[in-house]
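Residue-level listing of the chains:
Protein chains: 2
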Amino acid sequence: MVKNRQWRLISFPSGRPEASNWELVETEAPEVAPGHLLVKALYLDVAPYMRGRISPQPNYAAGVGLGEVMVGGAVGRVLESRSPGFAAGDLVVADFAFGWQEYAVLSPGDVRRIDPALAPLPYWLDLFGLNGLTAYFALFDAGAMKAGDTVLISAAAGSVGQIAGQLAKLAGCRAVAVTSSAEKAAWCREAGYDAVIDYRAAADLPAAVAEACPQGVDLFLDNTAGPIHDAAMQNLALDARVVVVGTASLADTFGAPDTGPRFLRQILVARATVCGFLFSDYAARHEAGRARLRRWYEAGRIHSKFDIAEGIASMPDAFLRLLTSRNLGKQLVRLEGD
Amino acid sequence: MVKNRQWRLISFPSGRPEASNWELVETEAPEVAPGHLLVKALYLDVAPYMRGRISPQPNYAAGVGLGEVMVGGAVGRVLESRSPGFAAGDLVVADFAFGWQEYAVLSPGDVRRIDPALAPLPYWLDLFGLNGLTAYFALFDAGAMKAGDTVLISAAAGSVGQIAGQLAKLAGCRAVAVTSSAEKAAWCREAGYDAVIDYRAAADLPAAVAEACPQGVDLFLDNTAGPIHDAAMQNLALDARVVVVGTASLADTFGAPDTGPRFLRQILVARATVCGFLFSDYAARHEAGRARLRRWYEAGRIHSKFDIAEGIASMPDAFLRLLTSRNLGKQLVRLEGD
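So the protein sequences, as listed, match chains E and C. The opening position of the first sequence corresponds to residue 1 in UniProt numbering, with each subsequent residue numbered one higher. The opening position of the second sequence corresponds to residue 1 in UniProt numbering, with each subsequent residue numbered one higher.
Worth flagging that the hints you see were computed from the coordinates, not collected in a lab. If you're wondering where the values come from, they're calculated on a predicted model, not measured in any experiment. Don't take every hint at face value.
Identical chains blur together in the list; that is why a pair holds if it fits in one copy or across any two.
Unchecked claim - Pairs of lysine-lysine residues, derived as DSS-like cross-links and limited to a Cα-Cα distance of at most 30 Å, are as follows:
1. K305 x K3
2. K146 x K169
3. K305 x K146
4. K305 x K169
5. K40 x K3
6. K3 x K146
7. K146 x K40
Start from the sequences and build out the full structure, keeping to the hints where you can.
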């Protein structure tokens with residue numbers, strides 16, 4: 001039998017993971033069930049999302065249990081196929097289903113065949129895998145990226161960030177990197193970013209973002225949460241979009257009170273949208289809205305309660321009543337008969 | 001000459017405003033410039049947005065300067081018209097341009113004629129003014145409200161909230177109120193809310209929201225920021241929408257460090273959108289995205305940098321390198337030749 005070395009999770013980290021959270025176990029490669037494939041890994045993926053899978057806290061995907069093989073993707077070669085769609089020798093990628101191990105038996109639905117003539121094998125775990133598609137859809141769809149945007153990208157030299165920066169340039173945007181070392185900053189410049197912030201070297205991060213983004217941040221691809229998020233939020237341009245792709249800086253505080261940049265993890269897990277709203281932005285459609293409200297009002301289906309004070313002299317008091325929630329109904333001041 | 005009493009701002013509040021921040025001044029009603037109207041106020045508006053206008057901090061609209069008449073809307077009667085579109089006796093509403101005073105000279109562009117036969121005068125500063133349209137567009141447009149949503153509304157007995165609750169019911173939603181007293185809670189029930197939370201009486205606000213919204217919160221109309229926001233964010237349903245309409249609980253901390261529910265003010269001022277993103281939500285379009293990336297790759301316009309460790313034994317170390325930002329480029333582990 002072929003020996004299969006695999007990493008199993010043996011304890012949940014409290015705070016930052018340590019190598020002792022896993023153990024390397026030697027076992028035998030499993031039998032190939034009918035309709036399945038035996039795949040030998042050539043490259044194993046290493047990705048930030050894995051941190052979220054080794055926490056007992058709820059996440060957007062099921063976590064790894066104690067004693068289970070650690071989750072992860074791989075590029076590999078089919079050694080044995082009992083599925084008509086694949087043959088021994090095929091090169092495949094599994095985005096998530098492989099695990100931290102040398103061999104895996106996979107269902108055809110968990111893999112895609114790859115073409116090594118198009119790009120080297122690592123690309124199938126990167127540009128043509130999670131990272132490329134995350135950068136692509138997060139910027140163009142969720143972020144509605146358009147030419148002329150100033151696009152701020154955190155973890156800019158990371159797997160998603162390095163692609164995102166290039167996509168921003170391809171789209172005619174100003175791409176601004178936030179990264180964590182001089183070496184990464186150099187790589188970001190080489191990769192085409194227009195401006196680069198080394199956040200560990202910045203004395204005043206909000207000011208550094210303001211300097212790198214003189215027109216403000218139109219689109220912020222947030223890979224980290226934490227102080228970089230905070231600095232970006234203080235430099236948003238009008239109609240800015242913030243796409244929360246990752247919360248790496250919160251990873252070691254899972255389960256702790258969500259202080260600092262609050263609730264970004266919940267926004268991510270719920271794929272929620274938080275947006276600002278201003279009455280006057282809808283000015284062109286106010287009449288249409290008012291007509292709709294009028295129909296409901298005339299039908300007796302909507303009404304208001306008012307809390308009306310008397311006389312011009314009562315204005316500040318009426319306002320302070322409102323600010324302290326002492327009014328009951330819409331607060332107004334009546335002047336006629338004053 | 002007609003005497004005009006008006007409230008002028010004489011100091012910026014630090015924290016909660018006090019009546020002494022304004023002084024009541026008696027002056028003479030101004031001359032009516034050509035093309036303008038002299039309007040006598042019948043009702044003066046009192047609204048939370050006014051708090052934001054008496055801070056030197058940047059806001060979405062210009063602030064009131066010291067010595068200036070306090071900003072505000074009014075319903076009034078035209079006393080004199082030098083504009084062909086209006087006549088003495090017309091009833092008009094000015095959403096913002098009137099000020100805290102008895103008489104104002106207004107441009108026709110600042111007022112709309114109102115029909116007192118349709119609804120009593122206060123309605124024109126409420127359902128058919130800022131409050132009604134804010135509730136309407138915030139829920140139906142920004143919030144994409146649809147039948148079946150659980151809609152949580154803070155400041156639910158307030159001017160926007162009381163209308164929002166009724167609109168939610170009209171749209172076939174479950175409307176849940178958060179309000180600040182037993183009396184307001186009673187009014188919310190009367191107004192049709194399905195469930196009501198008196199947040200000052202709730203021992204555990206997140207738990208109270210969870211109980212009132214057993215399927216989670218699909219749409220949160222956030223009028224307050226603060227602890228109510230925090231409790232709502234811990235109960236979001238998948239695909240939730242959070243529309244930040246007001247940040248009343250932050251009003252007295254303008255200019256202070258934005259702790260607690262961070263950056264909601266910036267989201268509002270920038271009308272920013274913050275959304276969560278997950279790779280797998282786009283599964284149906286992954287192939288299309290990959291095809292686009294492939295074209296750029298084949299054209300030599302995009303590439304990746306990799307940081308590749310060797311051998312299955314290096315997996316935890318490679319992952320810890322990633323978590324501590326020591327990798328340079330996409331981290332992988334190569335197994336072939338191991």
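Hint by hint, here is what the structure shows:
Neither within a single protomer nor between protomers do K305 and K3 lie at most 30 Å apart by alpha-carbon distance, with minima of 75 Å and 32 Å respectively. In the homo-oligomer, the alpha carbons of K146 and K169 lie at most 30 Å apart inside one protomer (11 Å), although the nearest pairing across protomers, at 37 Å, exceeds that limit. Proximity of K305 and K146 under a CA criterion of 30 Å is satisfied inter-copy only: 25 Å between copies versus 45 Å inside one chain copy. Taking the shortest alpha-carbon separations for K305 and K169, only the inter-copy value of 17 Å comes in at or below 30 Å, while the best intra-copy value is 54 Å.
Taking the shortest alpha-carbon separations for K40 and K3, only the intra-copy value of 11 Å comes in at or below 30 Å, while the best inter-copy value is 91 Å. When the C-alpha separation of K3 and K146 is checked against a cutoff of 30 Å, the pair qualifies neither within a copy, at 51 Å, nor between copies, at 55 Å. For the homomeric pair K146 and K40, neither the shortest alpha-carbon distance inside one copy (42 Å) nor that between copies (48 Å) is at most 30 Å.
Hint compliance for this structure: hints 1, 6, 7 are not met, and every other hint is.
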